[in-house]
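Trainee: Same order as they appear, the protein sequences are chains C and G.
For the first sequence, position 64 (counting from the first letter as 1) is numbered 64 according to our numbering, and the numbering increases by one without interruption.
For the second sequence, position 503 (counting from the first letter as 1) is numbered 503 according to our numbering, and the numbering increases by one without interruption.
Everything labelled a hint here was simulated from the structure, so no lab data went into it.
From the three backbone atoms N, C-alpha and C, an ideal C-beta is built for every residue, glycine too.
Heads up, some of the hints might be wrong.
To be verified - Going by beta-carbon spacing under 10 Å, a handful of chain C positions derived as facing chain G: (1) Glu12; (2) Leu14; (3) Leu35; (4) Phe41; (5) Ile131; (6) Gly132; (7) Asp184; (8) Asp217; (9) Arg244.
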Amino acid sequence: MLLDPQLRARLERLALANRTRLRGVWGGRHRSTRLGESLDFADYREYNPGDDYRRIDYNLWARLGVVLIRLFEAEDEMPLQIVVDTSRSMDFGDKFPTAQRLAAMVTYLALISGERVRLATVPGPGSTGLIGPWARHIGSWPKLETWLENLEPSGGTDLVAASRIVASTVSRGPIVLISDLMQDGWQQAVDLFGTARGGLVLHVLSPAELDPDLTGDLTLRDIETRTEVPVSMSGDAIDRYRDRMRGFVLDAARRCRRVGLEYVQATADEAALDRALRAMVASGVVR
Amino acid sequence: MSFLAPAALGLLALSVPLVVLYMLRSRRQRLEVPSVLMWQGEEQFVSAALPWQRLKITGALLLQLLAIVGFAVLLGRPFFREQTLLGPHTVMVIDSSGSMATAGRLDAALDQARKLAGDASDAQLVSVVEAGAQPRVLAAFAREPDAVLTAIDTIRAGGTSANLEGAVRLARGLATPDRPTTLLILSDGGIPGAVSEPVADARHVLYDAGGDNVAITGFGTGVPGEGATRLFLEVANFSVGPETVRVSLLVDGLEVGSVDFDLEAGQRRQDVVSVDAGPGQAVTAVLASFEDANTLDNTASLVLSAGTDLTVTVTGAGSPFLDALVDSVPGLRPAAGAPPDVLIVDGGDARIVDRPAWIIAPETPPTGVTLMGRLEEPIITYQRPGEPILDGLDLSSIAIAEADIVDAPGWLPLVRAGDVPLVLLGEVDGHRAMYFTFDLVRSNLPVQVTFPILGARVLEWLGGNRVAATSTAPAGTPIGLTPPAAGISVVTAPNDTVSTLQAEATTFVATELPGIYSIEYRDSEGVTVGTAVAARQFVAAESTGSARQISTTEPDVAEADEGSLLREWAPQILAALLAIILLEWWVAFGRPLPSLRRDNAEVVT
Numbered sequence: 001m002l003l004d005p006q007l008r009a010r011l012e013r014l015a016l017a018n019r020t021r022l023r024g025v026w027g028g029r030h031r032s033t034r035l036g037e038s039l040d041f042a043d044y045r046e047y048n049p050g051d052d053y054r055r056i057d058y059n060l061w062a063r064l065g066v067v068l069i070r071l072f073e074a075e076d077e078m079p080l081q082i083v084v085d086t087s088r089s090m091d092f093g094d095k096f097p098t099a100q101r102l103a104a105m106v107t108y109l110a111l112i113s114g115e116r117v118r119l120a121t122v123p124g125p126g127s128t129g130l131i132g133p134w135a136r137h138i139g140s141w142p143k144l145e146t147w148l149e150n151l152e153p154s155g156g157t158d159l160v161a162a163s164r165i166v167a168s169t170v171s172r173g174p175i176v177l178i179s180d181l182m183q184d185g186w187q188q189a190v191d192l193f194g195t196a197r198g199g200l201v202l203h204v205l206s207p208a209e210l211d212p213d214l215t216g217d218l219t220l221r222d223i224e225t226r227t228e229v230p231v232s233m234s235g236d237a238i239d240r241y242r243d244r245m246r247g248f249v250l251d252a253a254r255r256c257r258r259v260g261l262e263y264v265q266a267t268a269d270e271a272a273l274d275r276a277l278r279a280m281v282a283s284g285v286v287r
Numbered sequence: 001m002s003f004l005a006p007a008a009l010g011l012l013a014l015s016v017p018l019v020v021l022y023m024l025r026s027r028r029q030r031l032e033v034p035s036v037l038m039w040q041g042e043e044q045f046v047s048a049a050l051p052w053q054r055l056k057i058t059g060a061l062l063l064q065l066l067a068i069v070g071f072a073v074l075l076g077r078p079f080f081r082e083q084t085l086l087g088p089h090t091v092m093v094i095d096s097s098g099s100m101a102t103a104g105r106l107d108a109a110l111d112q113a114r115k116l117a118g119d120a121s122d123a124q125l126v127s128v129v130e131a132g133a134q135p136r137v138l139a140a141f142a143r144e145p146d147a148v149l150t151a152i153d154t155i156r157a158g159g160t161s162a163n164l165e166g167a168v169r170l171a172r173g174l175a176t177p178d179r180p181t182t183l184l185i186l187s188d189g190g191i192p193g194a195v196s197e198p199v200a201d202a203r204h205v206l207y208d209a210g211g212d213n214v215a216i217t218g219f220g221t222g223v224p225g226e227g228a229t230r231l232f233l234e235v236a237n238f239s240v241g242p243e244t245v246r247v248s249l250l251v252d253g254l255e256v257g258s259v260d261f262d263l264e265a266g267q268r269r270q271d272v273v274s275v276d277a278g279p280g281q282a283v284t285a286v287l288a289s290f291e292d293a294n295t296l297d298n299t300a301s302l303v304l305s306a307g308t309d310l311t312v313t314v315t316g317a318g319s320p321f322l323d324a325l326v327d328s329v330p331g332l333r334p335a336a337g338a339p340p341d342v343l344i345v346d347g348g349d350a351r352i353v354d355r356p357a358w359i360i361a362p363e364t365p366p367t368g369v370t371l372m373g374r375l376e377e378p379i380i381t382y383q384r385p386g387e388p389i390l391d392g393l394d395l396s397s398i399a400i401a402e403a404d405i406v407d408a409p410g411w412l413p414l415v416r417a418g419d420v421p422l423v424l425l426g427e428v429d430g431h432r433a434m435y436f437t438f439d440l441v442r443s444n445l446p447v448q449v450t451f452p453i454l455g456a457r458v459l460e461w462l463g464g465n466r467v468a469a470t471s472t473a474p475a476g477t478p479i480g481l482t483p484p485a486a487g488i489s490v491v492t493a494p495n496d497t498v499s500t501l502q503a504e505a506t507t508f509v510a511t512e513l514p515g516i517y518s519i520e521y522r523d524s525e526g527v528t529v530g531t532a533v534a535a536r537q538f539v540a541a542e543s544t545g546s547a548r549q550i551s552t553t554e555p556d557v558a559e560a561d562e563g564s565l566l567r568e569w570a571p572q573i574l575a576a577l578l579a580i581i582l583l584e585w586w587v588a589f590g591r592p593l594p595s596l597r598r599d600n601a602e603v604v605t
């Protein structure tokens, strides 16, 4: 079970929010980029033959002598796509379990908000990755939870390819990316995600990555790429690493916000979900 | 710097394997990380062909080498030799005379003694002798510093002259046969001649701090009788500049008058003052509102007591001065043909003297005294210190035309001109005798303000103290006690210290402090049955504040070597080592507060 009952009860008091207009296939409760049938008045335009005469504003016709019809806002659903990074680099410490739980938390939030949601994984080089079914009702939660639980980190990933695949789907809802961004070209992927749909990046990093406790002469091997780097650990080397890591996190945050993505850095530990939820509330993604 | 265990320096060889360890290429441990992206730039590629690598001098290596050196030096027990006054057995003779109260000399001496006591090792013995009027051993062969410190803390400056000779003799008696004994004299030197010099196997630590000082150097009286009592008062200025002082006179604590003195530097001035006081009353002279280097000599006290009549006959040439003396001193009267109590032989034949006599320049000296010649215009160079008859009197300004040179074995010279005695004290046929070798009328002594005082004291002593002009004596003179049978004597000292003595104690000896001593006699049931008062005066010779180096002969070289102190560097080296280890840890890990650093890197949103 990815979400305990207490957390689910807490999530049921919250809902996903969207601060921009979006374009959905089905009607929903979010403001759409098109006009439609809601109760919210949007504008006037001149009457054209064939228009519904029930929308003619007779008061304006009597006062101005011009026949105008009232236009109303449309309300669409928010088709949400949650992309989980399943690369080997996530298989370190509690990073991947934390990513699974974060994905579950956002999925559950979307379902109880009545949004259409789809889960996907980042494809690796030469593969398409896994793309789950769309779901819209809370009754789909057990199926999606099982789908998430069955994920395993393996192989490499291609964030850029993932962004292109997701952007090419018909539904133009926001995207939630759950990843450690630990690969070359992460900047391009973030740019593509942002310009395509907007959304949220949950940046998962382990405490050991943020503050490594390493001593002596070591050969560091990249879990994902198998690249080896000989390093003599010293106070200065650790300090330089921390500076680079801090710069990486700050750079990721700046880049996400520049392209319209919300950014939350989640440290992979027991309190990760709580802190991430608080950060999402603070940034307006959840209310 | 030397080492007690130099073999331990061999541990310095440990620095060789340390350097070798740094030159050996370490086998790197493989460790998987999520990504090496963040470690780009930290790569240190090395050649795998050789097991050695070029030695890199790092801070950690230097600190570890320093630590090895520190440990080796620490185990080698480095020390330095510090010269100390202490020997295997050190007897500290601490001068507590009145002059040591000048400008904190005694305080400095006591501080030095305390420091030496603290420096003494377990193998060193320390004894303490107080050189006051009555030398006494305060601590003997003490190994514990606390015992020595306790003894030192009991020493207070008194108003007496130091019996340095006696103190040195007492200290020599403490010599230990099994270890060399060092005599350490902590003193301002005392009065010249107070100790036989050079003092063998001794060191003298001189305390010569000085300062302006004005003292009451003389305070006496004749026998109180009818009417006002005449007080003799002398004030001396030992300051480098002129001083104006006011001397207040108090009778039983109540001020009855005052006298002003304008004194040039080094000047002495005398005055005779009449006060309305009678037998049993205490009279105190005090320098009013005056602070100087030695405050003990700013006060002088005496106790008036009644005497009995003494008959005196003057034989020989006689002089108006002697007649006037007998007439003016209450309690003295001419014998008028009856056998006198005291005989004054002024010139003439002094061979037949059958009673106490004041012999003044006789033509024929008494038995046991031989005339050797005459000395023209002798100059007084010596006045016996601590002598009650001369206490507070300065005879140095007396001019004498000529004096007899006498050989008087068994007589005690009180005043001398070089080696020629001028005033002697002795006995003739078992009777007390005072011998003046010069004719009074051929000197200016009779016109000096001190003459009535000196004459009264001489006649008082010759009369067996029956006249007893005052119950006053120099500080340090024991006070006689007459407690009731099975009773006690309670003595209150000038500093309000109360001492209780049992009936068998007939003297109270702790009289170093000048001032009034009140005595109360109580019977076995605690009822007061009598009281008495006595005064002890500051010895005037101690007011000069002079200091001098006592000539000593140092212990031989071998003993001097033993008088050095070995101080080890261990505490300093341990502190340095601790600092190095902390620095090493900081350099190696760079995280003195790792938990805080981790918290700081926690979340970035």
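Trainee: If a hint holds in the structure, say so; if it does not, say that too.
Mentor: Structure-based check of all given hints:
Because the closest C-beta pair between Glu12(C) and chain G is about 25 Å apart, greater than 10 Å, the hint is violated. Annotation: Leu14(C) was flagged as interfacial toward chain G, and the flag is violated, the nearest CB pair being 18 Å apart, outside 10 Å. The beta carbon of Leu35(C) is not positioned within 10 Å of any beta carbon in chain G (closest approach about 36 Å), and the interface hint is therefore violated. Because the closest C-beta pair between Phe41(C) and chain G is about 38 Å apart, greater than 10 Å, the hint is violated.
For Ile131(C), the interface hint is violated, the least distance from its beta-carbon to any beta-carbon of chain G being 25 Å, above 10 Å. For the restraint placing Gly132(C) at the interface with chain G, the shortest Cβ-Cβ distance is roughly 25 Å, beyond the 10 Å limit, so the hint is violated. With a cut of 10 Å, the hint placing Asp184(C) at the interface with chain G holds, because the nearest CB-to-CB distance is about 8 Å. About 5 Å separates the beta-carbon of Asp217(C) from the nearest beta-carbon of chain G, less than 10 Å, and the hint is met.
Taking 10 Å as the C-beta contact cut-off toward chain G, the hint placing Arg244(C) at the interface holds, the least distance being around 5 Å.
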